[in-house]
Amino acid sequence: MDESDNRTFWEYLAYVSEHQSPLDFVLVWDHIDRFLWGTLLTLEITVIALILGGILSVPMAIARAYQHRWLNFPIWCFTYFFRGTPLLVQTYLVYYGLAQFDAVRESFLWDPILSSAWWCALIVFTLNTAGYTTEFLRGSIATTPSGEIEAARACGMSAWTTIRRIVLPSAFRRALPAYSNEVIFMLHSSVVLSTITLQDLLGAGRWLNGRYYLAYEGFVTAMLFYMVLVFIISRGFKFWEKHWLGHLRQREIEDEPVTLKAG
Amino acid sequence: MESLWAYRNLLFEGTVVTVQLAVGSLLLSVLLGLIGATAKLSPNRLFQKSADAYTTLIRGVPDLVLMMLLFYGGQQILNDLGELTGLWDYLEINQFTAGVFSIGFVFGAYMTETFRGAILAIPRGQIEAGIACGMTPMKVFTRITWPQMVRYALPSFTNNWLVLVKATALVSVIGLHDLVWNASTAGRSVREPFTFMLAVLIIYLMITAISDVGLRWLDRKYSVGIRKV
Chain A
1 MDESDNRTFW
11 EYLAYVSEHQ
21 SPLDFVLVWD
31 HIDRFLWGTL
41 LTLEITVIAL
51 ILGGILSVPM
61 AIARAYQHRW
71 LNFPIWCFTY
81 FFRGTPLLVQ
91 TYLVYYGLAQ
101 FDAVRESFLW
111 DPILSSAWWC
121 ALIVFTLNTA
131 GYTTEFLRGS
141 IATTPSGEIE
151 AARACGMSAW
161 TTIRRIVLPS
171 AFRRALPAYS
181 NEVIFMLHSS
191 VVLSTITLQD
201 LLGAGRWLNG
211 RYYLAYEGFV
221 TAMLFYMVLV
231 FIISRGFKFW
241 EKHWLGHLRQ
251 REIEDEPVTL
261 KAG
Chain F
264 MESLWAYRNL
274 LFEGTVVTVQ
284 LAVGSLLLSV
294 LLGLIGATAK
304 LSPNRLFQKS
314 ADAYTTLIRG
324 VPDLVLMMLL
334 FYGGQQILND
344 LGELTGLWDY
354 LEINQFTAGV
364 FSIGFVFGAY
374 MTETFRGAIL
384 AIPRGQIEAG
394 IACGMTPMKV
404 FTRITWPQMV
414 RYALPSFTNN
424 WLVLVKATAL
434 VSVIGLHDLV
444 WNASTAGRSV
454 REPFTFMLAV
464 LIIYLMITAI
474 SDVGLRWLDR
484 KYSVGIRKV
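Quick note, the sequences are listed as chains A and F, same order. Using my numbering, the first residue of the first sequence is number 1, and each one after it goes up by one. Using my numbering, the first residue of the second sequence is number 264, and each one after it goes up by one.
In case anyone wonders, no lab produced these hints; they're calculated from the structure. There could be a bad hint or two in this list.
[Said to hold, decoys possible] Simulated crosslink set (SDA-like; lysine to any residue; CA at most 25 Å straight-line):
(1) F/K402 / A/W240
(2) F/K429 / A/K242
(3) F/K429 / A/F81
(4) A/K242 / F/E376
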C-alpha cells in the first residue's frame, strides 16, 4: 500500500502546501494571528490619525479660505511643508531625530510619548493628514456658491452661523470624494510604521518572510489584506457619496468611450 | 551645521540617486500610462478588463509592499525562470532597478487614469475629422490627440509627479543608497539625526520647487493660443 494513503487530510494539505504549491498557504494560516494583529495596529493608527487630523484641519481650512490676516501664511507654510515632503522622512525626523536634543530627552514628554514609536507615528500621521485635508477642504469651502452665502446674510445670520450652518455642511459634502482618496492614501502610507519597529500589516509580512526565509508569502498575504481594506473603504465611501451627494450626481447618460481605432 | 558640510558629498550623491530614480520611474510610468489609457479606451474587452484590473490592483496595494515583493520575490521568480529555461544564469535585481520598476508600475496606474481623462476631454469630432482626412491612427495621435492631451493631462500629471518624488524615499527601506539612506546613516554616525533629516526635507522641498517652475513652463508652452478663464 502506498504510504501516502495513511496520511490524514491535514497532513496531505500541509505537504502540498509546502512542496507543491507556489505559496505555502498552510504556513500563512498558522501565523494568521500575526496578520490580524498587524491589521489592528495599521487601522488603529490610521483611524485615530484621520480623526484627530480631520478635527485639526477644519479651523485651519476656514482660516485659509477666509484668508485670515495672521493665520493664513503660517498655515500655508505648515501645509506646504507636510505636503511637500515624504512621510517617511517626517517620521524619521520625529522618531530618530528628536533624541538629538538633550532638552527633549530630559523633558516630561520623553518617557511616555516621544520615545515611543507608536506615539511618534501617531503625531506625525495626524499632522500629515491635517496638512492634506486642510488644503482640499479650503478648496471646497472657497467654491461655496456665493448665492448660498448671500441668502444666509439676507436671513440675518452672523458670520459664524453662516459658516456653521451653510458653508461647512455643503463644503464637507463636496470634499467627500477627495476625502475618500485621502483615507486610502493614509492607509497606503501607514506602511511607514513597519520602518520604525512597529508590527503593522506589512511588518507582519516582513516578520514571516524573515523568520522562514521566504520570498513571497508574507508580502502576498499583506497585499491581500491591504486590498480587502481598500475595497471595504471605497465601498463605504461610495455608499456615503450616494447618500450625501445624491443631489449633485449626474443623470445617467449613455456615454460611449472614444475609440482610437480608425475606420 | 559643520557636520552637514562635512558630509556634503554624500548628501549630493544621494540627491543624484533620488533624482535619477524619480526620473527613471516617471518615464516608465508615462509609458505604462499611455499603454493603459489606450487599453482602457480600446474597443477590445480583454484590453479594457486587464487595464481595469491593473488600476484596481495598484489602488489597493501600498507601494512599499509591491516594492518589497518585487525586490525579494521578483528575484526568485527571475532565477527560477532562468533555471527552467536555461536562458540566463543567476541574476540579481539591485535596489535601483526594483525601485524604478515598482514606482514606475505603481504610478503607471495613476498615469493611466490621467491620460484616459485627458483623451476623453478631447472633443470626439476632432478625432473623427482626423480619420476623415485620411490620417493614420499614428498620425491622429501625434497631430491631434497628443498635443491637446498634454494640456488636459498637465494638472493631474503635475500632481502625480509630486507624489512620485515623495514615494522615492521609500526605496531607502530596501537599502538603496539614496538621499534618505545616506542622510540617516550619516546622521546616526555623527549623532545628529535631526539635523540631517531636516536637510533631507529641505532638499525634497527644493526638488518640488524646481519641478514646479519646469512644469509651469510646460503649461505655458502647451496652452499657447488658449484663452484663460
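Here's how the hints hold up against the structure:
For the hint linking F/K402 to A/W240, the alpha-carbon distance of about 44 Å lies beyond 25 Å, and the restraint is violated. Restraint check for F/K429 and A/K242: the C-alpha separation of about 33 Å exceeds 25 Å, so the hint is violated. Between F/K429 and A/F81 the alpha-carbon distance is near 12 Å, which keeps this suggested pair within the 25 Å criterion. Pair hint A/K242 plus F/E376 holds up; C-alpha atoms about 22 Å apart against a cutoff of 25 Å.
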